[in-house]
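Visitor: Listed here are the chains, written in short residue letters.
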Amino acid sequence: MEEKGENGGRVRIEKGFNQLLCRFVFGSTTHYQKPVNVSPLTLACFCSDDVLQDRVSILPPTGQPPPSPAETMPLKWLLHWQPNAGTTVNSQILSEVSQCVESINGAKEGRWKSTLTFYRPVLRDQTLQAEYPRDCLGISLQEQPNKYYFILRSQRIVLEADSTIQMIMEKLQSYKSRVSLYFEGFQYQLGDFQLRVGKVVPTHSENLRGIVMEVEYLPISSLDKSRQIMEDFVDIWQETVSKRSLPGHFMHIEPNFAEYGLSDHYTSQHTAVQYAIVMAQLIASVRN
Amino acid sequence: MECVVQGIIETQHVEALEILLQGLCGVPKERLRIHELCLKSGPNLGAVASEVRLLCDLEQPEPTWTVRHVGGAMRGAGAEQISVLVRTVVESKASKNVLRFFYTLGYKLDHELLRVGFAFHFQRGAQITVTVTSVNKMLKLHATEEAVPVTPGIQLVEVTAPASSDNYTEVVAAISSFCEYLAPLLHLSKPNVSAGVVPTAAAAAASLMSNGGGKTL
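If you read the sequences in order, they're chains A and B. Numbered according to the working numbering, the first sequence spans residues 539 to 826. Numbered according to the working numbering, the second sequence spans residues 11 to 227.
Simulated from the structure, these hints should not be mistaken for laboratory data. Computed from a predicted model, the values in this text were never measured in an experiment. Please note: incorrect hints may appear among the correct ones.
[Claimed, not checked] Only some residues are given here: those of chain A computed to face chain B with a beta carbon under 8 angstroms:
1. Leu632
2. Ser636
3. Cys638
4. Asn643
5. Leu690
6. Lys709
[Unchecked claim] Covered stretches of chain B (in silico footprint by chain A; criterion: 3 or more residues with CB under 8 angstroms from a CB of chain A, positions within the stretch not fixed):
7. 42-55
8. 77-87
9. 94-102
10. 105-112
[Unchecked claim] Now the in silico label distances, taken between C-beta atoms and shown as ranges:
11. B:Gln133 - A:Arg672: 40 to 50 angstroms
12. A:Asp762 - B:Pro73: 39 to 49 angstroms
13. A:Arg658 - B:Glu156: 32 to 42 angstroms
14. B:Ser174 - A:Asp802: 36 to 46 angstroms
15. A:Ser760 - B:Glu69: 49 to 59 angstroms
16. A:Gln766 - B:Glu69: 40 to 50 angstroms
17. B:Ser199 - A:Asp762: 56 to 66 angstroms
18. A:Ala645 - B:Lys50: 25 to 35 angstroms
19. A:Glu797 - B:Ser93: 35 to 45 angstroms
20. B:His121 - A:Arg672: 21 to 31 angstroms
Positions of the beta carbon are idealized from the N, C-alpha and C atoms, including for glycine.
Kindly generate the complete structure, drawing on both the sequences and the hints.
Guide: Put into structure tokens, the structure is as follows:
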């Protein structure tokens, strides 16, 4: 069965057990050919064709069932807005981006907020600053309200701890929090994807410092297995945003998670690392 | 916050103490094997020196790590009058790279210990935990398998209970009351205020051993 979507691409769907073999063809390019666990709704979103949803049926599983949601943590990519040279991020761009999500049928669900804090060592001799971590970040994630994460990016260390670690750091008085930033906005459901579009603002100010977007794919927690589908989604997203002719574009930088001792199986520690990388990019953008 | 008292007992009487605690508790003991690393801030770090303890629970199939900060004890005339130490304590579970994290922040290993023993948990007016451990030092760095007792023939008994500023007086009373059960075997007091071993310990232990264990009181 082959359907033609609004975007001009063609989707050939071959039924298998509890999965669909998909070949996405956009123009002369075939995007992927591997079998993936993709729900009909996901495909429908890709092709912007609601009729497709009714025409695809899933046969009863004949092999191993997919892992239950409780055993997996959905993986996510964190994108950040890269302004064009000579431009800065502004609230109009944020508004346009949010409209883009809604234009591809993203259903607004609610608010989200994560917090990132810069810690600096308290030193008796400032000339010895080079001996201490230059960037110690603390991160509180929406998805893990009882946890706190520290990232020492230069040393490739990510620590996961209970949120009481913040109290311990306060009592130690050896590192003090200097600046905190909120990553906050609205989240949207889009088939098997959950999207969070957010602004980056200091905690005591409304000055917009950046725009981020979390793209979370719910069915899979393997970074490797999900790469193709995530790249395809981001390609479609970039294409959607580009039609608005905004002065910039979204970027995704995949950290070398292995350097942080993290495996292919996605966890909140991966998310914390991505936030640290994005923060470094936002700082670099401001400096440039 | 926590309330705490400590005491010492000769190793030969630990079995009797275990019988007594088992009788009071009614549930099996929890085995303890904890590698405790005491870290102190380097000379340049912080306006004042700071100390943090990392506890690695070796009894678990996969060792788990806890960060523990022990703060100052409650002071004042009221604190002097009570026989239980009340102090601030904050703990946080952490991932297994926590030692490397604190080293990178600028903390140094001051000393490490291996505590081996058992614990009983009680609910008697407060959530009371009694730990009985031999405290061991390592002759080589992190060599827990080759640890030797710091005080051969003597074990440490700690009675602790979590508290808050609202209820610490009740918790203190609960601990003081509970300690009376243990009085024949050992004397419990504030840390650093040691009364040594109790003269009646041998007789009390003999009595417990001859009566047998396993009865819930």
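Visitor: It remains to establish, for every hint, whether it holds in the given structure.
Guide: Hint by hint, here is what the structure shows:
1. Leu632: Hint on A:Leu632: violated, closest Cβ of chain B at ~34 angstroms, above 8 angstroms.
2. Ser636: violated, 35 angstroms
3. Cys638: violated, 37 angstroms
4. Asn643: For A:Asn643, the interface hint is violated, since the closest Cβ of chain B sits about 39 angstroms away, which is over 8 angstroms.
5. Leu690: holds, 6 angstroms
6. Lys709: Where the cut-off is 8 angstroms and the nearest Cβ of chain B is about 5 angstroms from A:Lys709, the hint holds.
7. 42-55: holds (count 4)
8. 77-87: holds (count 3)
9. 94-102: holds (count 4)
10. 105-112: holds (count 5)
11. B:Gln133 - A:Arg672: 40 to 50 angstroms: At 49 angstroms between Cβs, range holds.
12. A:Asp762 - B:Pro73: 39 to 49 angstroms: violated, 29 angstroms
13. A:Arg658 - B:Glu156: 32 to 42 angstroms: Since A:Arg658 and B:Glu156 have Cβ atoms about 40 angstroms apart, the given range 32 to 42 angstroms holds.
14. B:Ser174 - A:Asp802: 36 to 46 angstroms: Holds, since B:Ser174 and A:Asp802 (Cβ atoms, about 43 angstroms apart) stay within the stated range.
15. A:Ser760 - B:Glu69: 49 to 59 angstroms: The hint (49 to 59 angstroms, Cβ to Cβ) is violated, given that A:Ser760 and B:Glu69 are roughly 33 angstroms apart.
16. A:Gln766 - B:Glu69: 40 to 50 angstroms: holds, 44 angstroms
17. B:Ser199 - A:Asp762: 56 to 66 angstroms: holds, 59 angstroms
18. A:Ala645 - B:Lys50: 25 to 35 angstroms: This hint is violated: roughly 53 angstroms between Cβ atoms.
19. A:Glu797 - B:Ser93: 35 to 45 angstroms: Violated - the Cβ-Cβ distance for A:Glu797 and B:Ser93, about 53 angstroms, lies outside 35 to 45 angstroms.
20. B:His121 - A:Arg672: 21 to 31 angstroms: holds, 30 angstroms
The structure fails to meet hints 1, 2, 3, 4, 12, 15, 18, 19 from the earlier list, while all remaining hints are met.
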